[in-house]
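Engineer: Quick note on this note's numbering: the sequence shown kicks off at 49 and runs consecutively.
There may be inaccurate statements among the hints.
[Stated by the list, open to error] Listed below are the simulated DSS-like cross-link pairs for lysine-lysine, each with C-alpha atoms no more than 30 Å apart in a straight line:
#1 K504 <-> K616
#2 K439 <-> K249
#3 K247 <-> K439
#4 K446 <-> K504
#5 K504 <-> K586
#6 K601 <-> K586
#7 K295 <-> K318
If you're looking for bench data, these hints aren't it; they were derived computationally from the structure.
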Amino acid sequence: MKCNILYRAFLSWVRTYHLQDLIGDILGGIIVAIMLVPQGMAYALLAGLPPEVGLYSSIVALIIYGLLGSSRVLSVGPVAVVSLLVATGISPVAKTGSAEYLEYAIVLALLVGIIQVMMGLARVGFLVNFLSHPVISGFINAVAIIIGGSQLKHLLGIEMPHTEYFYLLILYILTHISTTNFVTLIIGLVSIGVLVYFKTKLGSSLEIMGLSPIFITPITKTAPLIIIISGTLLVALFDFNQIFDVKIVGNVPIGLPSFTLPIIDIDVWKTLLPTAFIISLVSYIESVSVAEALAIKRRQKINPNQELFALGIANLGATLVGGYPVTGSFSRSAVNEASGASTRLSSIITAILIAITIVLFTPLFYYLPTTVLAAIIIVAVYDLIDIETPKQLWIYSKGDAISLAITFITSLAIGVEMGILAGIFVSVILLMWRTSHPHIVIVGRIGQGQIYRNVKRYQTTTYPEVLAVRVDTSLYFTNTRYLEDQILHITANRPEIKHFILIGSAINFIDSSALDTLGNLQRRLDRTGVEFHLAGMKGDVMDRLERVGFLKKIGTDHIHLTVHEAMKTLNFIN
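Could you build the full structure based on these sequences and the hints that come with them?
Structural biologist: What follows is the structure, given as structure tokens:
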């Protein structure tokens, strides 16, 4: 499989490359690099790591994904959600900023890479389907709030100890609000204002001025770079770090990252494995969702298992240069696509530009205020907050809304890892409940035709001696007992019933336990004088029932092609 992936993802891409795509790929690569430099540093800070680690992680990951990925425009690198999960997973076992903390982050990248590669090779990408949309929505909303809250200390210039719990963080800030560094706060608020203006207003203003859309997108995406340059110059020229105690990034190592091997400590690996597993799933979901959305827009396809494999190798690559876990970024990928990128060459171009930045320009980041990086993170995660989904779920499905709420509240109160586990648990419980309570409806005849529908939804004609029931799902050991109980309850309360018709138009499969239950139901009905009939069963299901002798047991005269045919056979209609 590995060679097959290499061939399809790399050789076929190179052989079919068109020169007319080059300009778009170069432009996309440049614009994404402009975004990624400040974002990479900011997200590394969010993860509790030195800013340069975000850039190190990006270089190798972009190149590897450019060679192995299935999406043409996905931009891989540090993202907010994964950065928070890294901080949440490591901070309880290592002090933020310590060498041990960085070593653990590298181990996390290794474990995430191994898990994703194994899942990709085993073609088990479908496992992420167990993370339902409500769980993901509740998780992402909570993460966005936690990330934004975690940056308040940088925005306000407040020194505070690390805490795992969001409510303790907010409580500490509220009780120490008097220690706010107002110069730091002003720089941060102005940075947020510039970012928001570029994001929401500048594009329309430039359009009114008659500027071509080709230039509008690149210009509106330069805001992070502009505030980094402006903030750095302001602090450097006027000694704000000395006079007003504005916190700065400080020394950023110059030069490309050196080759690094993760520590081999089984106890550390065991400690970090649960976090690595959650990051593997969450990062894959985020990445493949972005890739699929952009692929649909271009009428292209992606391979989910290939995505898992490519992301896994990208994380293994990040490990070897001292990086931390990476995944596909929605914002950078969308900009890459909007800038005209057509192939994964744009990712390689971005990686080259990041490498040039590390080699030539990292000393310029010395005076960069951390409040500017906090502003970049706060504005970026604002887009993650989704109010509409909870509102729609409350209207559409109270159960799903509760699942979202439990994930959201648990993530805020206890932690994001427990939040997503709680969400999965509730989703599984809801799934089990829904599976064990199949949709069962009594049907009646509409008018004088051959159509039979739910008696609660349509004006129908029913016959006292007949109970015609449609089951809108396959029958398994989890739900047939419910079906049996419902039928026996109805027939016990309606002694006039002489015929029970099971309509199987929506039944695709009947397992062995369900078959036993149906046999038991048929015998119990027979003892009360109610005859068991089948109508509208699918061919494959009928074949299985025939092989085990069930059809012979109920009699061929009790098997009908449709409900209408059953009614005619029983002489209730002409």
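Engineer: All hints are to be evaluated individually against the structure, with a verdict given for each.
Structural biologist: So, going through the hints one by one against the coordinates:
{"no.": "1", "hint": "K504 <-> K616", "in the structure": "holds, 23 Å"}
{"no.": "2", "hint": "K439 <-> K249", "in the structure": "holds, 28 Å"}
{"no.": "3", "hint": "K247 <-> K439", "in the structure": "holds, 26 Å"}
{"no.": "4", "hint": "K446 <-> K504", "in the structure": "holds, 22 Å"}
{"no.": "5", "hint": "K504 <-> K586", "in the structure": "holds, 25 Å"}
{"no.": "6", "hint": "K601 <-> K586", "in the structure": "holds, 18 Å"}
{"no.": "7", "hint": "K295 <-> K318", "in the structure": "violated, 36 Å"}
The structure does not agree with numbered hint 7 stated previously, though it agrees with all others.
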